[in-house]
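J.: From just these sequences and the hints, can you work out the full model?
Protein chains in written order, with the numbering used here: chain A, 99 to 266; chain X, 99 to 266; chain R, 99 to 266; chain S, 99 to 266; chain V, 99 to 266; chain G, 99 to 266.
Just so you know, not all the hints are guaranteed correct.
The list cannot tell twin chains apart, which means a pair is met if one copy fits it or any two copies do.
In silico DSBU-like links for lysine-lysine, alpha-carbon gap of 35 angstroms or less [to be verified]:
| no. | residue 1 | residue 2 |
| --- | --- | --- |
| 1 | 258 | 144 |
| 2 | 215 | 258 |
| 3 | 128 | 215 |
| 4 | 215 | 144 |
| 5 | 128 | 144 |
For the record, the hints were derived by calculation from the structure and aren't laboratory data.
Remember, it's a predicted structure, so these values are computed and weren't measured experimentally.
Residues per chain, in single letters:
Number of protein chains: 6
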Amino acid sequence: MTTSKTTAPADGLTHFDATGQAHMVDVGDKQETHRIAVASGQIRMKPETLAIILAGSAKKGDVLGIARIAAIMGAKRTSDLVPLCHPLALTRVAVDFETNEATSTVHCRAQVETFGKTGVEMEALTAVQIGLLTVYDMCKAVDRGMVMGEIRVMEKHGGKSGDWSVTS
Amino acid sequence: MTTSKTTAPADGLTHFDATGQAHMVDVGDKQETHRIAVASGQIRMKPETLAIILAGSAKKGDVLGIARIAAIMGAKRTSDLVPLCHPLALTRVAVDFETNEATSTVHCRAQVETFGKTGVEMEALTAVQIGLLTVYDMCKAVDRGMVMGEIRVMEKHGGKSGDWSVTS
Amino acid sequence: MTTSKTTAPADGLTHFDATGQAHMVDVGDKQETHRIAVASGQIRMKPETLAIILAGSAKKGDVLGIARIAAIMGAKRTSDLVPLCHPLALTRVAVDFETNEATSTVHCRAQVETFGKTGVEMEALTAVQIGLLTVYDMCKAVDRGMVMGEIRVMEKHGGKSGDWSVTS
Amino acid sequence: MTTSKTTAPADGLTHFDATGQAHMVDVGDKQETHRIAVASGQIRMKPETLAIILAGSAKKGDVLGIARIAAIMGAKRTSDLVPLCHPLALTRVAVDFETNEATSTVHCRAQVETFGKTGVEMEALTAVQIGLLTVYDMCKAVDRGMVMGEIRVMEKHGGKSGDWSVTS
Amino acid sequence: MTTSKTTAPADGLTHFDATGQAHMVDVGDKQETHRIAVASGQIRMKPETLAIILAGSAKKGDVLGIARIAAIMGAKRTSDLVPLCHPLALTRVAVDFETNEATSTVHCRAQVETFGKTGVEMEALTAVQIGLLTVYDMCKAVDRGMVMGEIRVMEKHGGKSGDWSVTS
Amino acid sequence: MTTSKTTAPADGLTHFDATGQAHMVDVGDKQETHRIAVASGQIRMKPETLAIILAGSAKKGDVLGIARIAAIMGAKRTSDLVPLCHPLALTRVAVDFETNEATSTVHCRAQVETFGKTGVEMEALTAVQIGLLTVYDMCKAVDRGMVMGEIRVMEKHGGKSGDWSVTS
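T.: Right, here's the structure in full:
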């Protein structure tokens with residue numbers, strides 16, 4: 099075969115080969131281990147918008163219930179959206195929303211798991227992004243100025259690099 | 099026909115009908131106008147990560163070039179991802195990245211346009227989200243703690259509600 | 099141009115040309131009119147399964163709310179799924195569920211609208227199918243023997259053939 | 099990690115956690131076994147419509163051949179369509195159609211197999227649904243009143259719950 | 099608005115702006131006209147492989163019928179696959195195959211039409227590519243060395259640039 | 099179970115069963131081995147078009163960088179596009195472009211790998227096709243007459259049939 103094995107580039111960005119070309123990195127030799135990633139983020143809104151969401155969750159017009167479904171479905175589309183992500187058979191996706199009236203924010207937290215050769219941080223982040231986007235979409239008729247932020251990986255487990263969690 | 103026309107719910111969330119059920123809202127009677135939306139957001143990282151991105155943009159390993167493509171393609175997938183979004187024939191998508199070494203951030207700005215019955219704020223936000231996700235993916239091997247934020251609509255034009263821009 | 103215009107085949111199946119080859123039929127000369135289609139269907143289950151659904155709709159575990167979202171998203175994927183369907187910019191999708199304890203069934207009804215050159219019967223039927231599939235998926239842990247049926251177009255409006263409704 | 103393991107809810111609907119929130123259920127600890135599911139369904143039409151289909155299958159205008167392809171491709175899209183379905187690497191999809199002139203129906207039967215942690219009932223049902231939808235689409239120009247029904251799982255094999263088949 | 103209008107770059111590649119960044123070019127001001135594109139291509143194989151295809155088309159095992167469906171469906175996915183393509187509501191897709199025993203080739207020809215602001219050359223080319231890929235897939239068990247080639251646009255009509263056809 | 103095992107048809111086309119019906123062939127009993135496929139192809143253009151590409155690759159307007167991303171993403175969509183392809187969890191995708199000024203061509207070469215039950219020839223070919231399509235799209239404003247060709251599998255490794263490479 100004429101293509102030599104992937105060589106990690108000098109600067110540590112594994113999505114590029116030694117000549118600087120993007121590729122979907124070779125994970126064929128990595129171990130299949132149980133992998134978990136947790137990501138989170140938030141959306142900040144007017145207090146009256148949050149009040150409408152809270153009213154809806156209690157009875158009808160369930161903004162967060164719909165955002166949860168969108169987030170779960172979004173996690174499954176990650177490798178379609180992020181160019182160099184490997185397709186993965188996810189074994190679990192759980193998405194939680196919490197509301198904070200003091201800061202007038204909705205917090206989203208996604209936990210994704212698989213048993214495979216690569217981690218699921220991107221899937222967890224995608225779930226959070228699509229979940230927050232859907233909250234925005236559902237509420238934009240009353241509040242165009244909502245801001246999404248603090249979207250990050252919180253912890254990961256499994257794989258060669260082992261456990262990691264944000265230090266805050 | 100037995101289904102009565104959509105009635106806006108009391109709380110202003112147009113994605114729910116008068117009985118609180120989610121629907122893709124009727125836009126059949128809306129005008130086809132030129133619609134523009136601009137969204138933006140950022141990703142904060144370690145200075146050394148930003149340095150690698152800046153080096154790559156100048157020659158090989160073009161993180162931001164790849165993120166731009168992902169953002170443009172993401173805008174086209176919006177109605178697949180956000181449950182109640184209408185499918186739209188976009189007429190323009192432009193995505194810019196700017197880097198700020200003082201704050202160690204990459205800023206993404208997406209402008210989306212169409213000539214149609216609904217606005218393109220969600221498409222612009224999706225472009226920004228997928229663009230930032232791709233930057234995260236490309237750099238996560240060297241910096242897992244990157245944080246995405248300040249993701250919001252900056253301005254919109256066209257449609258019944260006319261022009262709007264963030265006041266900051 | 100060497101390809102002659104589509105000629106309707108002798109047997110009336112417009113998805114085949116005069117030589118019997120499948121094609122996506124030419125609708126370029128059709129009028130853009132307001133088009134509406136309503137489809138419906140049902141899923142039959144054990145009374146105790148329906149009781150669980152009814153309990154969930156009232157508070158948590160909202161089977162029908164999730165099925166409604168899946169149905170709406172499914173309508174948007176119709177032209178990806180049905181080979182010779184034209185892609186269409188839907189202007190409205192509304193999905194209702196009704197439960198009937200006497201017959202132990204959940205009924206699904208979808209109304210889809212567009213302003214375009216072809217009808218939206220397939221989109222309405224796809225919404226019903228995916229809505230019922232999702233009810234099945236959510237309840238299969240307690241009732242594998244559920245049966246879906248009576249899935250049909252109920253009425254359509256707009257286009258050259260005008261109004262039509264099922265006579266029953 | 100802060101998220102506790104999935105606890106089966108009291109009512110047996112495993113797609114909801116103990117607090118009633120939807121999730122893609124954790125299958126990480128399930129065995130990878132050979133799993134098979136068979137689903138079936140039918141579409142009822144006017145005798146003259148069935149006659150056209152039967153004529154086409156014999157020579158040109160092959161309605162059932164196209165519906166078979168759509169059904170197979172539909173099975174592969176299941177986890178994109180049904181919100182809480184796990185993505186699965188299918189190892190076999192076979193779809194058969196039979197026609198019954200006495201009842202003026204076309205019967206569709208799909209058998210799907212995988213070697214994995216969850217069953218393939220949803221994939222088999224999706225194949226049947228999309229197969230029947232495509233028959234409807236191909237014939238609707240001559241028969242709008244066709245009705246789809248008797249769509250159900252016929253048998254399943256593999257997994258913790260072992261073999262199951264419909265008792266009728 | 100802060101983003102200046104797209105300026106054509108000096109080298110004529112309209113998919114890049116004046117600063118060399120890729121974008122989905124602004125077509126908002128272009129006329130909606132009837133647009134047609136025809137593309138073609140071929141796949142070369144062993145004579146005995148072509149003999150099998152020819153036998154199948156006559157009765158069972160219809161390679162070209164399946165490839166035609168894949169080609170039509172592929173045309174609808176063009177804007178998902180080609181990064182800077184605009185999504186378009188196609189109004190017609192027709193795909194023909196011809197076989198040539200003298201050269202042991204199968205020729206594929208796709209005609210795509212829309213009424214819109216951009217042309218459909220990419221959709222016609224995608225249809226041809228996916229059609230030929232499917233022929234390869236169906237026959238690869240007996241002939242791995244098949245070669246696809248001569249894939250090109252043959253003619254286009256409509257739009258500002260008017261009619262064009264290959265001169266050969 | 100009522101469906102008998104797949105029997106290879108007399109003519110060797112494994113995508114059809116013994117009765118000539120298309121199916122996604124059963125690979126459940128095949129070994130999971132490391133599988134590699136390499137495909138290649140080219141696009142021929144005017145020398146001045148190639149000159150623009152070469153200028154862009156050196157600094158801005160990176161046609162080949164964008165085509166590489168499209169090719170990698172295309173490889174991941176193969177089972178959505180080719181009707182009877184099995185979905186596969188790819189472990190590596192690498193795409194290289196080479197330019198030849200003497201023949202005024204751009205050559206694309208894709209190497210795809212997985213650890214699974216079926217080969218990845220189709221994924222490698224799809225990557226090449228989408229890569230070349232994207233080059234066409236990026237350059238069509240200056241050169242409509244470009245021709246794609248010589249698209250073929252170059253070598254494969256792994257699986258029951260073992261190693262194979264083109265003899266030329």
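J.: Could you run down the list of hints and mark each one as holding or not?
T.: Results for each hint:
1. 258 x 144: Close across copies (23 angstroms), not inside one copy (43 angstroms); limit 35 angstroms.
2. 215 x 258: both (10 angstroms within a copy, 24 angstroms between copies)
3. 128 x 215: both (5 angstroms within a copy, 18 angstroms between copies)
4. 215 x 144: The answer is between: 27 angstroms across copies meets 35 angstroms, while 43 angstroms in one copy does not.
5. 128 x 144: Between copies only: 27 angstroms across, 46 angstroms inside.
In terms of the numbered hints stated before, the structure departs from none.
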